[in-house]
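Model the full structure from these sequences, guided by the hints.
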Amino acid sequence: MLPFSQREFFELFERYNEAIWPLQVFAYVLGAISVLATFSSHRLAGVICLSSLALLWGWTGVAYHWVFFSSINPIAPVFAAVFVGQALILAFAAIRRPPQFSTRSNVMTLAGWGLIAYAAVLYPVLNAWLGHPYPGGPSFGVTPCPLVIFTFGVLMLSSWRVSWILFIVPCAWSVIGGSAAFLLGVVPDLAMPTSAVLALVMNARKPGGEANF
Numbered sequence: 001m002l003p004f005s006q007r008e009f010f011e012l013f014e015r016y017n018e019a020i021w022p023l024q025v026f027a028y029v030l031g032a033i034s035v036l037a038t039f040s041s042h043r044l045a046g047v048i049c050l051s052s053l054a055l056l057w058g059w060t061g062v063a064y065h066w067v068f069f070s071s072i073n074p075i076a077p078v079f080a081a082v083f084v085g086q087a088l089i090l091a092f093a094a095i096r097r098p099p100q101f102s103t104r105s106n107v108m109t110l111a112g113w114g115l116i117a118y119a120a121v122l123y124p125v126l127n128a129w130l131g132h133p134y135p136g137g138p139s140f141g142v143t144p145c146p147l148v149i150f151t152f153g154v155l156m157l158s159s160w161r162v163s164w165i166l167f168i169v170p171c172a173w174s175v176i177g178g179s180a181a182f183l184l185g186v187v188p189d190l191a192m193p194t195s196a197v198l199a200l201v202m203n204a205r206k207p208g209g210e211a212n213f
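Numbered by my numbering, the letters in the sequence shown go through residues 1 to 213 in order.
It is possible that part of the hints are untrue.
[Said to hold, decoys possible] FRET-style restraints, in silico, Cβ to Cβ:
no.	residue 1	residue 2	range
1	R15	L183	36 to 42 Å
2	F182	H42	38 to 44 Å
3	A81	S5	24 to 30 Å
4	L36	F182	33 to 39 Å
5	W160	E8	39 to 45 Å
[To be verified] Straight-line distance between alpha carbons at most 25 Å, and here's what the computed SDA-like set of lysine to any residue pairs gives:
no.	residue 1	residue 2
6	K206	W164
7	K206	W66
8	K206	L36
9	K206	A91
10	K206	V35
11	K206	G114
12	K206	T109
13	K206	A117
14	K206	L44
15	K206	L110
16	K206	P133
17	K206	I165
18	K206	N106
19	K206	R96
20	K206	I33
21	K206	R104
These aren't lab readings, by the way, just hints derived from the structure by calculation.
Even glycine gets a Cβ: it sits at the ideal position worked out from N, Cα and C.
Printed below as a string of structure tokens:
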């Protein structure tokens with residue numbers, strides 16, 4: 001059982017989205033920056049990409065989990081700490097040894113682009129179609145579930161296998177968020193477990209040599 005109802009859950013998104021506007025636009029800008037960086041094979045591209053993701057994870061941890069979600073879920077501060085931890089991991093990876101990207105098209109990159117498109121475009125469209133249009137639904141980049149799917153998509157664009165450490169928190173949230181999505185009937189979030197499996201399988205199939213730690 002969850003400590004909140006479906007109604008309380010979606011009302012929270014409405015309050016949150018209205019309170020942080022227009023930062024949703026900034027989240028899309030950061031997302032675009034991280035995606036555009038993947039078109040370059042320069043080392044700085046990996047730094048920019050992971051740094052952008054780190055900012056989104058840090059914001060979601062503090063603003064969404066700590067400030068807002070904690071009002072209906074007593075364990076939200078734990079989620080906040082975990083998300084901030086993922087932000088620090090991404091930032092450390094950006095400094096230590098960022099991933100490299102290439103413009104080659106293959107099954108892995110196409111799957112990554114598919115997840116990116118789902119998180120940024122199809123996810124809000126599906127929510128609106130299912131009766132939860134903005135501001136009454138999760139927004140890209142500033143709420144957990146679309147951010148997790150987007151992160152999987154971006155990491156899949158790396159030319160080399162990235163450190164498995166980068167997948168721990170997103171995969172854990174795919175289980176937590178996916179379970180909650182099933183109980184609350186949040187259909188778009190049900191894609192998280194599948195995206196996690198896809199990202200892990202694709203990462204395992206990549207050539208080694210690119211370690212972030």
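Violated hints - listed by number, lowest first: 1, 7 and 16
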